[in-house]
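Here's the letter readout for the chains.
Number of protein chains: 2
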Amino acid sequence: MRTLEVALGARSYPIRIGRGLLHDGSLVRPFLKTSRAVIVTNDVVGPLYLQRMQSALASVGVEAGATVLPDGEAHKDWPTLNLIFDDLLRARCERSTTLIALGGGVVGDMGGFAAACYQRGMPFIQVPTTLLSQVDSSVGGKTAINHPLGKNMIGAFYQPRLVLADIDTLDTLPDRELRAGLAEIIKYGLIRDLPFLEWLEANLERLLARETEALAEAIERSCANKAEVVAADETERGERALLNLGHTFGHAIEAGMGYGAWLHGEAVAAGTMMAAELSRQLGWLSHQDVERVESLFVRAGLPIRGPELSGERYLDLMASDKKVEGGQLRLVLLQKVGKAVIHAEAGQQAILAAIRQRSP
Amino acid sequence: MRTLEVALGARSYPIRIGRGLLHDGSLVRPFLKTSRAVIVTNDVVGPLYLQRMQSALASVGVEAGATVLPDGEAHKDWPTLNLIFDDLLRARCERSTTLIALGGGVVGDMGGFAAACYQRGMPFIQVPTTLLSQVDSSVGGKTAINHPLGKNMIGAFYQPRLVLADIDTLDTLPDRELRAGLAEIIKYGLIRDLPFLEWLEANLERLLARETEALAEAIERSCANKAEVVAADETERGERALLNLGHTFGHAIEAGMGYGAWLHGEAVAAGTMMAAELSRQLGWLSHQDVERVESLFVRAGLPIRGPELSGERYLDLMASDKKVEGGQLRLVLLQKVGKAVIHAEAGQQAILAAIRQRSP
Ligand SMILES: NC(=O)c1ccc[n+]([C@@H]2O[C@H](COP(=O)([O-])OP(=O)(O)OC[C@H]3O[C@@H](n4cnc5c(N)ncnc54)[C@H](O)[C@@H]3O)[C@@H](O)[C@H]2O)c1
Ligand SMILES: NC(=O)c1ccc[n+]([C@@H]2O[C@H](COP(=O)([O-])OP(=O)(O)OC[C@H]3O[C@@H](n4cnc5c(N)ncnc54)[C@H](O)[C@@H]3O)[C@@H](O)[C@H]2O)c1
Ligand SMILES: [Zn+2]
Ligand SMILES: [Zn+2]
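Residue numbers (full-length UniProt numbering), protein chains in the order written: chain A, 1 to 360; chain B, 1 to 360.
Worth flagging that the hints you see were computed from the coordinates, not collected in a lab. It is possible that part of the hints are untrue.
If several chains are the same, the list does not tell them apart, and a pair holds so long as it fits within one copy or across any two.
What the hints assert, rightly or not - Simulated pairs of lysine to any residue, SDA-like, Cα-Cα distance not exceeding 20 Å: (1) K33 x T172; (2) K339 x E198; (3) K336 x A7; (4) K336 x D171; (5) K339 x Q357; (6) K33 x L208; (7) K339 x R192; (8) K33 x R237; (9) K339 x D175; (10) K339 x R356; (11) K336 x L282; (12) K336 x D289; (13) K33 x V68; (14) K33 x G238; (15) K33 x A344; (16) K33 x L329; (17) K33 x R221; (18) K33 x S320; (19) K33 x L204; (20) K339 x R19; (21) K339 x L50; (22) K339 x L309.
Remember, predicted model here, so these are calculated numbers, not experimental data.
So here's chain A without its partners, still in its complex pose:
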């Protein structure tokens, strides 16, 4: 088992990465305030791992009820969130009861937001079960639900007490979801960790083959990058925004196609290519750099072009993203491979050109 720490003063917490973690209740017990917990999961992950987690907790004397949500990004909304509140209140859970989110990023984002709001905040643990959630969404305390008019628009910054990334759970993850997770892993290399990018270029096939050691290494190095950024800028006033490489374009793709049609990681991959294209126009990346990024996404089986969506529709959707300030879109671009920057001066024409370059 590998352990990392997210350094946030009194709210610091460990990330544990390894196999068999779900079987071991003693990993969780020290982080509970009482012998009571509630597990939030969904109807895909629940049948696979809920009992394993409940037995492990029972073996250390913890009684854990469960709320099973319908699966999918389409249910990352208020009515579904309210199912959690209903259960918490019906079971008379207290402010000191711990909520455990067992699932991918959707379950983690919703479980975390529910924990943030229930009685104005109850303790919360992340047990991410997708590659994407193990390397990204479970770390850093961003929680949210979607609104019909925008993704992740309603939420909170709310840190977990513990993140438990059990690599065993990835055994059942569909290939497409594994690839989507790789998009966020590659992102860390692109924005701030060239040695990691080189490691990925050398080891991508091992990851696709789900080799334990390669997965553990990729998850750890991703979490280390995320933890560093979050510790430096918890609420995204500065550096943390760099983690959004490809995301402003990507969110437009997700929203424009209807949530769920494109996976988040797929949209991020195509969005990153648009950002790379724009960076090239600005003279920051060379043609070869862009091809280097592209070839890694291609090897990972990820899209390198956006869907059939007009440029105007992109601009419109991007304008309602959270990255707008004073009416000006703040884009994350690549100054070079391995170093991202915020750029607020890109003109509409340049943005449109980059989008068109990467549209069917």
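Since chain A is already given, all that's left is putting chain B with the ligands on it; use the hints.
This is chain B with the ligands only, laid out in the frame that chain A set:
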């Protein structure tokens, strides 16, 4: 104009108290990050004060749209909260746009919670227009909505940047609402400020007559008490819980009668009498002490007995209040007049006896 400070480090903020504040946009302007704001109000307060506030803001170059909610505690719920999100998103408000809550405690609690959640947090200003909200709910950062299974169950700790208590707005406040506000004012005297309690005993009729100087004094001293408690214990791990004197009983009354039937302050008054009764049983208060508290509430025109509700129903409703820890009800009682304490050892029989003593 009087000014107080809520000392919370980087999140400190001023409370300004006086007449004519709504007319003066320059009081608000320095607290806005951009020249854009959104006012949240309701269909009772809006017709009275929205234009005054919008003109004042316009005079300092601030464009402020408005969301007008339906009035009342019955609408302190998710669908109504969502009206705010709809408007914020439709108007493409940014993370840096400021939300201004103009109204009583319901508008303040909902506006604050909306600001806490919108894009994971936007700046927020309280402009309380009821006596209760000026002396209590607008200060300290507690925000929430109700859930069918419990009051204020979904919320956040989220501090405003500024509180503007314009005494002018109290001119239109119904008498019954004024009296409800007095309940929370008397509370400060009872729990931690005997000199203030004595001042209230000497000046209650001036408050009922809405004399400016008396109101300003009562609001300032109440806010000073609240600010001190909040600065010492922002998220209610300890001392802040003392502000809930009479509230666990009171919440049971509000829920048991259906939200809105009893005003919050009325329920707090009757609940405080139950707490006083229990304190007497424990030998902390004398008969005379209880009568002293009672006579102040009587003079304020507040109820000193609960409604027709069985003792068992009280216990049931109280058990789902936020003040339960490890299954044990934590009640705020009076060690003496002017000093409250948390008591977690009161048995069911004793609690029932106090409730019955104060039931019809
Ligand atoms: N909070 C953050 O910082 C952050 C960062 C990135 C992404 N996100 C959010 O995360 C979400 C995407 O997360 P995701 O990619 O994990 O999607 P997801 O949670 O929808 O999971 C993908 C699919 O895999 C299933 N699944 C999960 N674990 C499984 C397992 N072990 N075996 C088999 N199936 C499994 C899920 O039920 C789902 O059908 C998006 O909503 C995105 O906005 C949040
Ligand atoms: N956040 C906290 O710390 C805290 C503390 C105490 C109470 N509260 C909450 O506050 C709420 C009660 O607040 P409230 O007593 O202000 O109730 P309220 O907001 O419902 O206002 C009472 C009534 O007066 C009307 N009104 C408001 N200002 C007016 C004015 N100037 N002239 C005429 N009418 C006016 C309102 O529209 C409403 O009909 C409850 O929901 C309670 O839970 C919160
Ligand atoms: Zn992402
Ligand atoms: Zn109150």
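>> Within, between, both or neither: how does the pair K336, D289 come out at a Cα-Cα threshold of 20 Å?
In response: within (8 Å within a copy, 75 Å between copies)
> Taking 20 Å as the upper bound on the Cα-Cα distance, should K339 and Q357 be classified as within, between, both, or neither?
Replying inline: This pair counts as neither: shortest intra-copy Cα distance 22 Å, inter-copy 71 Å.
> For the identical chains here, do K339 and E198 meet the 20 Å Cα criterion within one copy, between copies, both, or neither?
Replying inline: For K339 and E198, the Cα distance is within 20 Å only inside one copy (14 Å; across copies 66 Å).
>> Regarding K33 and T172, is the shortest C-alpha distance of 20 Å or less found within a copy, between copies, in both, or in neither?
In response: neither (32 Å within a copy, 48 Å between copies)
>> I want to check one pair: K339 and R192. Are their C-alpha atoms no more than 20 Å apart within a copy, between two copies, both, or neither?
In response: within (5 Å within a copy, 56 Å between copies)
> For the identical chains here, do K339 and L309 meet the 20 Å Cα criterion within one copy, between copies, both, or neither?
Replying inline: Answer is neither; intra-copy 29 Å and inter-copy 66 Å both fail.
> How would you label the pair K339, L50 (within, between, both, or neither) given a Cα cut-off of 20 Å?
Replying inline: Neither, since 40 Å and 48 Å both go past 20 Å.
> Under a CA distance limit of 20 Å, which applies to K336 and A7: within one copy, between copies, both, or neither?
Replying inline: neither (28 Å within a copy, 44 Å between copies)
>> Regarding K33 and A344, is the shortest C-alpha distance of 20 Å or less found within a copy, between copies, in both, or in neither?
In response: Classified as between: cross-chain Cα gap 18 Å, same-chain 45 Å, threshold 20 Å.
>> For K339 and R19, with the copy left unspecified, which applies at a CA distance of at most 20 Å: within, between, both, or neither?
In response: Neither. Shortest intra-copy (32 Å) and inter-copy (55 Å) distances fail the 20 Å Cα cut-off.
> Which holds for K33 with G238 at a C-alpha limit of 20 Å: within a copy, between copies, both or neither?
Replying inline: Answer is between; shortest inter-copy Cα gap is 16 Å, intra-copy 34 Å.
> Is it within, between, both or neither when you check K33 against L208 at 20 Å Cα-Cα?
Replying inline: neither (39 Å within a copy, 47 Å between copies)
When each numbered hint is compared with the structure, violations occur for hints 1, 3, 4, 5, 6, 9, 10, 13, 17, 19, 20, 21, 22.
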